[in-house]
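Chemist: The sequence shown lines up with residues -16 to -1, 1 to 71 when you count with mature numbering (1 follows the signal peptide of the UniProt record, and there is no 0).
Keep in mind the hints are simulated off the structure, nothing from the lab. No experiment lies behind these values; they were computed from the predicted model shown. Warning: the hint list may mix true and false statements.
Derived Cβ-Cβ restraints for the label pairs, each shown as a range [said to hold, decoys possible]:
no. : residue 1 : residue 2 : range
1   : D43       : W21       : 17 to 25 Å
2   : E31       : P3        : 42 to 50 Å
3   : H46       : K12       : 37 to 45 Å
4   : A34       : H11       : 25 to 33 Å
5   : A34       : C(-6)     : 38 to 46 Å
6   : C(-6)     : G27       : 55 to 63 Å
7   : L(-10)    : R13       : 37 to 45 Å
8   : F26       : L2        : 54 to 62 Å
9   : G27       : L2        : 46 to 54 Å
Where a beta carbon is used, it is the ideal one built from N, C-alpha and C, also for glycine.
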Amino acid sequence: MHALYVLALLCSLLLGFLPPTGMEDRHKRSLPYWGLWSSDFFGWLEELRAQAADNRMQDLAHTFWAHFPIGRELGYDSPESDLQPEE
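Go ahead and model the full structure; you've got the sequences and the hints to work with.
Modeler: Now the structure itself:
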């Protein structure tokens, strides 16, 4: 049992003499800034234009108006057909 204590003491002394691993020098990476909210439709359009993704703008417009019910009040919904079925 005495040998176990001596071995633990020697191991801790040897580990104390090892050089640091460099973990202290590492810096925490920050997330990139993305200043757009999900409801900022025109901000998304400008960002897509900046990234030259004009072909995706129509899909973004459809998605935006599908998720925000104000689109129906502004007249962006699909027109309802007033046709009655013939008998």
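Chemist: Does each hint fit the structure? Answer for all of them.
Modeler: Evaluated hints:
1. Restraint check, D43 to W21: a C-beta distance of roughly 19 Å satisfies the suggested window 17 to 25 Å.
2. Separation of E31 from P3 is about 46 Å and conforms to the stated range, judged on CB atoms against 42 to 50 Å.
3. At roughly 39 Å, the beta carbons of H46 and K12 sit within the given window of 37 to 45 Å.
4. Between A34 and H11, the C-beta spacing of about 28 Å keeps the proposed range 25 to 33 Å intact.
5. Range check, A34 to C(-6): Cβ separation about 58 Å, and the 38 to 46 Å hint is violated.
6. Between C(-6) and G27 the beta carbon distance is about 58 Å. The supplied range of 55 to 63 Å therefore holds.
7. Take L(-10) and R13: their Cβ atoms lie about 40 Å apart, and the range 37 to 45 Å holds.
8. The hinted window of 54 to 62 Å between F26 and L2 holds, with their beta carbons roughly 57 Å apart.
9. Separation of G27 from L2 is about 51 Å and conforms to the stated range, judged on CB atoms against 46 to 54 Å.
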